[in-house]
Amino acid sequence: MLHIVSYDFPSSPAGDKRRARLAKLLTGLGLRVQYSVFELEIPSERIEEVCSQIRDRIDAHEDSVRIYPICSACIERTERLGREAVIEHGPLLLW
132 MLHIVSYDFP SSPAGDKRRA RLAKLLTGLG LRVQYSVFEL EIPSERIEEV CSQIRDRIDA
192 HEDSVRIYPI CSACIERTER LGREAVIEHG PLLLW
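Going by the working numbering, the sequence shown opens with residue 132, and the numbers climb by one from there.
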């Protein structure tokens with residue numbers, strides 16, 4: 132299943148450090164399609180493990196992370212406008 136992960140962190144030295152740690156984790160799990168948006172192709176039963184790893188890297192009082200599951204029917208209807216996403220590490224990784 133495809134999951135979209137987006138995040139917003141405060142602009143501060145501590146927020147910047149947490150943001151970098153989360154981006155590094157997500158880069159290893161999927162595609163960065165915008166600066167703070169990733170597409171992860173992972174089985175639904177593994178999403179709680181990913182959530183746990185994300186929780187370990189954020190400050191729940193300052194940071195915001197959203198994870199949206201996208202079903203296969205919705206993927207087919209996705210509209211992509213403008214330039215293509217910058218692929219930083221090749222194709223999606225499947226677990």
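Source of the hints: derived by calculation from the structure; they are not laboratory data.
In this text the structure is predicted, and so the values were computed from the model without any measurement.
Hints may be right or wrong, so weigh each one.
[Stated by the list, open to error] Computed spacing ranges between beta-carbons, pair by pair:
id	residue 1	residue 2	range
1	Ala191	Tyr166	32 to 42 angstroms
2	Val168	Ser203	13 to 23 angstroms
3	Ser143	Ser175	31 to 41 angstroms
4	Tyr166	Arg208	36 to 46 angstroms
5	Ser183	Ala145	36 to 46 angstroms
Glycine residues also receive a C-beta, built at the ideal position from the N, C-alpha and C atoms.
Structure-based check of each hint:
| no. | hint | verdict |
| --- | --- | --- |
| 1 | Ala191 - Tyr166: 32 to 42 angstroms | 22 angstroms, violated |
| 2 | Val168 - Ser203: 13 to 23 angstroms | 20 angstroms, holds |
| 3 | Ser143 - Ser175: 31 to 41 angstroms | 34 angstroms, holds |
| 4 | Tyr166 - Arg208: 36 to 46 angstroms | 24 angstroms, violated |
| 5 | Ser183 - Ala145: 36 to 46 angstroms | 21 angstroms, violated |
Against the hints set out earlier in the document, violations occur for numbers 1, 4 and 5.
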